[in-house]
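From first to last, the protein sequence lines stand for chains A and B. In case it helps, this note's numbering puts the first sequence at residues 1 to 387. In case it helps, this note's numbering puts the second sequence at residues 1001 to 1594.
No wet-lab data here; the hints were simulated from the structure. On a predicted model such as this, the values are computed, not experimentally measured, just so you know. We put the beta carbon where it would ideally sit given N, CA and C, even for glycine. It is possible that some hints are incorrect.
[As the list claims (entries may be wrong)] Derived Cβ-Cβ restraints for the label pairs, each shown as a range:
1. Arg-223/A - Glu-1407/B: 36 to 46 angstroms
2. Gly-1405/B - Ser-161/A: 23 to 33 angstroms
3. Leu-167/A - Asp-1312/B: 54 to 64 angstroms
4. Ser-2/A - Asp-1312/B: 16 to 26 angstroms
5. Gly-1405/B - Gly-188/A: 43 to 53 angstroms
6. Arg-1177/B - Gly-61/A: 51 to 61 angstroms
7. Arg-189/A - Gly-1405/B: 22 to 32 angstroms
8. Glu-1409/B - Trp-179/A: 19 to 29 angstroms
9. Pro-372/A - Cys-1282/B: 20 to 30 angstroms
10. Ser-2/A - Asp-1365/B: 28 to 38 angstroms
11. Thr-1391/B - Gly-188/A: 47 to 57 angstroms
12. Asp-1365/B - Arg-189/A: 37 to 47 angstroms
13. Gly-61/A - Asn-1287/B: 55 to 65 angstroms
14. Gly-1201/B - Ser-2/A: 49 to 59 angstroms
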Amino acid sequence: MSTRVNPELVEELSAYGAEDVQKCFNCGNCTATCSLAEEHENFPRRSMRALQLGMEDRLKGGLEPWLCYYCGECSTLCPRGAQPGETMMSLRRWLTSRYDFTGISRLFYRRPRVEVVSVIVVALLTALGFSLFGFLRGNIHEYNGANSFLPAATIHIFDWSLAGVLLALLIPNIFRMWWFTVGRETMGRSRAMRVPAAAYLRSVYLFPLHFITQKRYAQCERRRPWLVHLALMLSYVTMLVLIMFFLKYMWAATIDWRVHVFGYLASAGLIFATVWAIIGRLKKMEAQHQHSHESDWIFLILLLVVALTGVAQHVLHRSGADAAANVAYVVHLMGVVPMLGLEVPFSKWSHMAYRPLAMYFATLRKHMVPAPIPEQVAGGMQTELVS
Amino acid sequence: MSGRKIGVYVCHCGGNISDYVDVEKVVEELRSDPDVVVARTAMFTCSDATQQEIIEDIKEQNLDGIVVASCSPKLHTFTFRGVAKRGGLSPYQYTQVNVREQCSWTHTDDHAGATAKATRLVKAGVGRTRLTVPLEPIVVETVPKAVVIGGGVAGLRAALGLAEIGIAVFLVEREPRLGGWVAGFGEMYPHGKNGSELVGGLVQQVRQNPGITVFTNAEVTGKSGSFGNYRVDIRVDRETGETVSVEAGSIVVSTGFDVYSVAQEEFGYGLEGVVTLPEFKCLVDSNDGVLEYNGRPIKNIVYIYCVGSRQDPDVVESARRYCSRYCCTAAVHASLQVAAKPGRVHQYHLHRDVRTYGKYEKLYDESLNKGSVYLKVPDHEPPSVKRDPETGRLLVTTRDLLAEGDEVEILADMVVLVTGMVPRANEELTRALKLPVGKSGFFNEIHPKLRPVETVVDGVYICGTCQQPMNSAEAVSSGLAAVTQSASILKKGFAELDPLVAVVDTGACTWCGLCDEACPYGAPQQVHPNGKSVALIDKTACKGCGGCVPVCPTKAIDLEGYTDAQIRAMIDGMLSTPSAANVPEVAEVAGVTS
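Chain B on its own, in the form it takes in the complex (with noise of 0.2 angstroms):
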């Protein structure tokens, strides 16, 4: 009894919770506890009628917290978070409580069970609540200034977009010059334009951007501050040393890909004649006449697709694993280009499967038009590339799967690897930036679909190949997406986060450093308020992941919205004995829930 108005609404789901669940069951125990003002059930909690009724429970009520039963708060926390700010009261005063994916949809033979599971964890939801306070979103100023790391076509791209909308853009180039892999390319897929020459035009305009300052040969070193008002520390000569600080709201990586470097005598890399697809594209794009390599004229091209990409573990220890994506149609597309060379070439493409997707797939087409000759090989038994003795030729062996396996054997005068893309060596980067890296060592986003180029560090955004391999035109576009991003938080002049981070009780504290050791965002700073060592959480760094909370020694840390004593009444809730008989003992419910 604590004199706090809670509003408890239980879902059916439309039956997908009241199937499994007694739903009213639920409400008649939650009704015997003194706080809980308002219980009832709904067919669909989440539709705008009932929305509304919870408006109105509230403001007619005075309710000062609510609950809702429903499915994963990863689905509805924000509606109805929503639902509490439109009813007047702070949106972190609302709980939601899992008793869909977590209870109906886990207990489908045991009804009886799945109603008492369903009990407690409502009871621990409004145990939580019942410890709730108002709070206030934290609000940032940011800074109208970005930093682009990496002058390739989705960098250049991405700075100019930022400029446009008048933020300030301090471009970072490791290299000597900007343009990066694209400005080595000659015709590209699909329009047939130069890629020299598109890079070309970028960068003029980027050289003559009054908003943009370009820093080349070189690199971020470092980062401090806070989300909207970054310093990030970049060193402009690599022999001194020298180093200037700028400062950001956002920080855009750009960084890009490496290429996948094949190994000698991987697919007979090493011969005389056989070449990656980078190289190969160099000898397609330098001449426009017959086709030739070291003055003998191309007759026969084998392409072997898939090299350091789709790698089976069976067959290659350490396997790259995923698909480059670009590289299927890169190679059409220069298989394209040599079949408008004059001369009779034969073109064979050795493949796994053929990804050109999307329009990129009339290219294939075109190329079966022109002659090429696609074999899918088994992907346990990879080709084999040697010199021909009798020939002197180029010798591929492989096994064609739509020939019922038998094995054939190609003489080439050119062997093209196909090779992928493969992820950057930037520890320096990825350090300072605290930047996530995903397994297969390309920068992570968010959420693949709904949040592609933020990473969990606010503010900071990843677009082009180094967050996975694409083609230039898919980087550009996440380019596109990084500066609207940017826009978003920097134009505004603000930015609201959430409250539900750690705080530091100071008379406790005695600063040990565990905390800052144990946080991945490096939110704990050291401060010293009247002479004592104490720790400081920067509620813009701090994500509220909770993970300092209990490496403290002297339990100074607490988080908000998830306090210690909020944990403790949830457990209580969990424990507490229902009224009805017949229900499982609890040692039972918590196995499930464990």
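With the rest of the complex left out, here is chain A (with noise of 0.2 angstroms):
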């Protein structure tokens, strides 16, 4: 199968962040580094190669860029300057873009700036939806209570509906990373290969394994960024569970420790984790940390204010400022809801899908066989369509 190469793919790539693949000559120091490059699944040298070349449907049908956790060490050892880590990094955001269904995150992706207004309109336009929505029908000075300006029962149908609009947009895109990586070749109009449907059921485990731990990040030469990366995605996680299925303890009007500890934990964890990556970002103190695409900082910003606000808010209305916390809530809501309606389904955020169902489409991808010819169009006209 021959592939027809897409001499453009260098140059598109390049508004994602890959800006020095040209250089690169092939040697394969960076797959000899890589402590999670494996035979069956060999980056980044393949990528960059496939990449150098145009092989779009290649690089669209693979998975390697998110098996790699951009440890950066083949950047740093790469004789050429080629930045492999970096290009993996980028061909993240491609793959996400190509995944989008809508062609929003590509638009964002080429785009940053439209990215920024469409975060800075969604936040504006939260602001005065839940102003409007307090100022008429409640109290400013009120936090919890009857007349209270954003009651939590209401917020919490919001959240849901939220919820609910984010898996319609993530789960045809998950479908589409599927279909590339191994419905195409599976199911497809070739179905030259063939997965065991014991093979999926055996190996979805690793979907939830991967998304809690990130135990692959483990295996990366420093156990530092994985620490840190961990402890974000935990925080964040908790902080999600809290919010979905325990709010009514968070909002109650005394302290529940049972559940308020983690709230604690997970809210230190946030901003510890964010202050770490925005002062390494900044000073550009690791590997992976040189090269920072506007989609890495308005991810950031934003988790940011989210976490501070969210801490503002609580502090405010314990203190008894019932007026004051109430503000901070809109804040709050004003980073919430771009984060998680823009950033989740269309940029950064919505590797927190991928990543781990990578590890589980690559496990498939692994006991793909070659599917065997059915007996009545061996031979004949339709072997065509076969081979």
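Join the two chains into one complex using the hints; note that each chain is given alone, in its own frame.
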């Protein structure tokens, strides 16, 4: 099967951050030093080469970029300064845009200004919407109770609706990811390959496992980036679970330590990890901090705003400054809504789903075997379709 | 017993010889020969101290011949000839015996046999030396004039170089104008200078130089005379066949190359948009704007390297297996010219290996930075080029070894076949000058490293691309090397040649002409002293190969330094009975030496 090359691909990728691909002369030092590369999933050299040549289909159908956690050793050791680590990062952005059926992701990555403006517009609309809602039916000086400015029950309904929209956006994208990497070859017109159904079932545990532990990251040369990443991830998930399922405890007048201790820990984790990443990127401390795409900054800033305003709201409310707490709450929502509504489906945050899924799909690919050619078509005209 | 006084020196070569050959025993054997008055071993015979000892022996013992048994004559013949000369002996009364490459190194498992063989070899050397006579080098006067054949960049520069040091030059060019290939080039690597301007300047200087006579539309048709004093026939009018004849001490051949001509359908040649590198270069040089072909802008270019070079004998019949050397860099340079033009052009280089050697590597580096993509294609599976039925563009299919040999398809607007150099058709000149032609069809030098522009024909030098593929800078360098070589014989006014040449016994000779037929150098000439037709060997043309000696039916020819008597003496030496017991049979030793 020959691949037709897309000569524009390298230029296209430069919008996603890969600027030095052409410097690579394929020595393979990057792959040799990578502790995650395997014989089956051989990167970054293989991905670099496919990108250099413009082998678009091969890249779109590959999972290598998701299997890389960007420790940056490859970029540090590259004798040509071709930045393989950053190329893998850029390929993740590019793949995100390919999985996204709406085309919004592509627009955001290629024109970061559009993303910034969208975030601001959504934030302002959120502020406007919730302020109107609050002033019309409640009192700015009341945080909870009958006349509260933003009652918990209403917000909770809003949270769940937002989650529904999110899933509606994310699930088709996940399906597309599966289609490009596993489905097309096994279920597509050619059906040249086959994955046993048992493999689907036996390996499905990989998704939650990698989602929660990110244990693959721990195999990288340096452990610290994994720990920071894990702290951020667990804090975020804890906060999400608390808000979605335990909101009424958070809201209550008294502090229930059984719940709140998780909230405090998660807040601390979020703030620590975000500040760490921002300082790292500003000072370019580590290899993975050398290059920052606009989408990285937007994501970090939103996350920090959300975490800080969440804390502020809590502290103000507990110290009796209900009006200030309500203002902090609105600002908090101004961060939450664009973060969940734009970043999760269309930008950096989507890797939360794609990366652990990639572990699952990669295992399915390992189980892929050539499909037996059905007897009635063998040797006939239709073999052309098969081959 | 002949009353000769011969010195024999057997070398240890620091163990290279003495670890396997009992050198003391060899010396002991030789002492029994009454003509051997000095026989000794030395750790390193070629060392200054031993050389000095030999010189003292020659003077004190009045030696009239020396034998050194050491390494190959290729290494030290001239060293010990020098020793003989410094000792006051004729250099040609020295014999070198090879007991290293042809004895100790080949018989490491049989010390006794190696020792016996070394003894026989040295005895053969003594036998030859016993019959040497003092010979003097042949001195020839040289004419301070030179003929330069071919007016390309190498020939032009050589002509100017010769004229600058006061040697009169006859520059012969087959085409109607001077300049060669380079005159047709635009921007050239690595300096970005324009080829036609560069050559234009040279042509102007050549034309203005009173020491240079230019013949265009002219060809060299014959050469007579001998080294240092040739007479060269130049046909100056093709139609009338009018020929002029000039005197020259040396001849510089710089007849250049031809471009490999691509066969129809080879890599799709013949399809619109498939061009050779020289054709492409013309297209690139001809305008500064957007690169267009037949009115359409070119967006994608595919270069296919090694077209007509490094051909695989399994794939191509009568394959040209050499590398043309200049083409990788030329193609990379052309791609940089394209990259400098307005508009984005995607360039794919399908190569076997990128041989942008030396400082040209920087061009390769630059082209990578400018976005060129290099694909290493398999040797046995050349890329295919055809017209894509859907898009109407050219479709190149190949495998990239760096992408695990996956097949890739590239849609291109232009496919450039990076063609190599082939030798020019020059049969008449080759015959006239008796130039040696190598396997690939280019002219051969004597030694690629040490005598890179000399040929086996004394005074005839080769330079530029008639010798092997090279770029213009290298061609000019070799042209100037030919100038230096010419100067070394022409400026001194005379040259010395080895006297180891054939001589004719005119009493025995009946001129049958067989020797003339056997001689590759045209040395035997028919002369008529006293009304009898006999052969006379031109000492300056003879190379001492000995090819004429065995063909002479009347045994009238002998080779100085290797006379029949000397060869017989060497055989006698080989067959002599060693005095010591327990040595292998003669037949065994002979079997090893043959």
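Structure-based check of each hint:
Checked against the hint of 36 to 46 angstroms, the C-beta distance between Arg-223/A and Glu-1407/B comes to roughly 42 angstroms, which is consistent with it. The supplied range of 23 to 33 angstroms is broken by Gly-1405/B and Ser-161/A, whose beta-carbon atoms lie about 52 angstroms from each other. For Leu-167/A and Asp-1312/B, the hinted distance range of 54 to 64 angstroms is satisfied, since their beta carbons lie about 59 angstroms from each other. Judged by the Cβ atoms, the range 16 to 26 angstroms given for Ser-2/A and Asp-1312/B holds: they are separated by roughly 22 angstroms.
Checking the proposed 43 to 53 angstroms range against Gly-1405/B and Gly-188/A shows it is violated: the Cβ atoms sit about 24 angstroms from each other. In this structure the supplied range 51 to 61 angstroms holds for Arg-1177/B paired with Gly-61/A, their Cβ-Cβ distance being about 59 angstroms. Remark: the range hint 22 to 32 angstroms for Arg-189/A to Gly-1405/B is upheld by a beta-carbon distance near 26 angstroms. In this structure the supplied range 19 to 29 angstroms holds for Glu-1409/B paired with Trp-179/A, their Cβ-Cβ distance being about 23 angstroms.
Separated by about 56 angstroms at the C-beta atoms, Pro-372/A and Cys-1282/B break the suggested range of 20 to 30 angstroms. The given range of 28 to 38 angstroms is respected by Ser-2/A and Asp-1365/B, whose C-beta atoms sit roughly 30 angstroms from each other. One distance hint, 47 to 57 angstroms for the beta-carbon pair Thr-1391/B and Gly-188/A, is violated here, with the actual separation near 24 angstroms. Checked against the hint of 37 to 47 angstroms, the pair Asp-1365/B and Arg-189/A passes, with Cβ atoms roughly 44 angstroms apart.
For Gly-61/A and Asn-1287/B, the hinted distance range of 55 to 65 angstroms is not satisfied, since their beta carbons lie about 42 angstroms from each other. Between Gly-1201/B and Ser-2/A the beta carbons are some 50 angstroms apart, a value that agrees with the proposed interval 49 to 59 angstroms.
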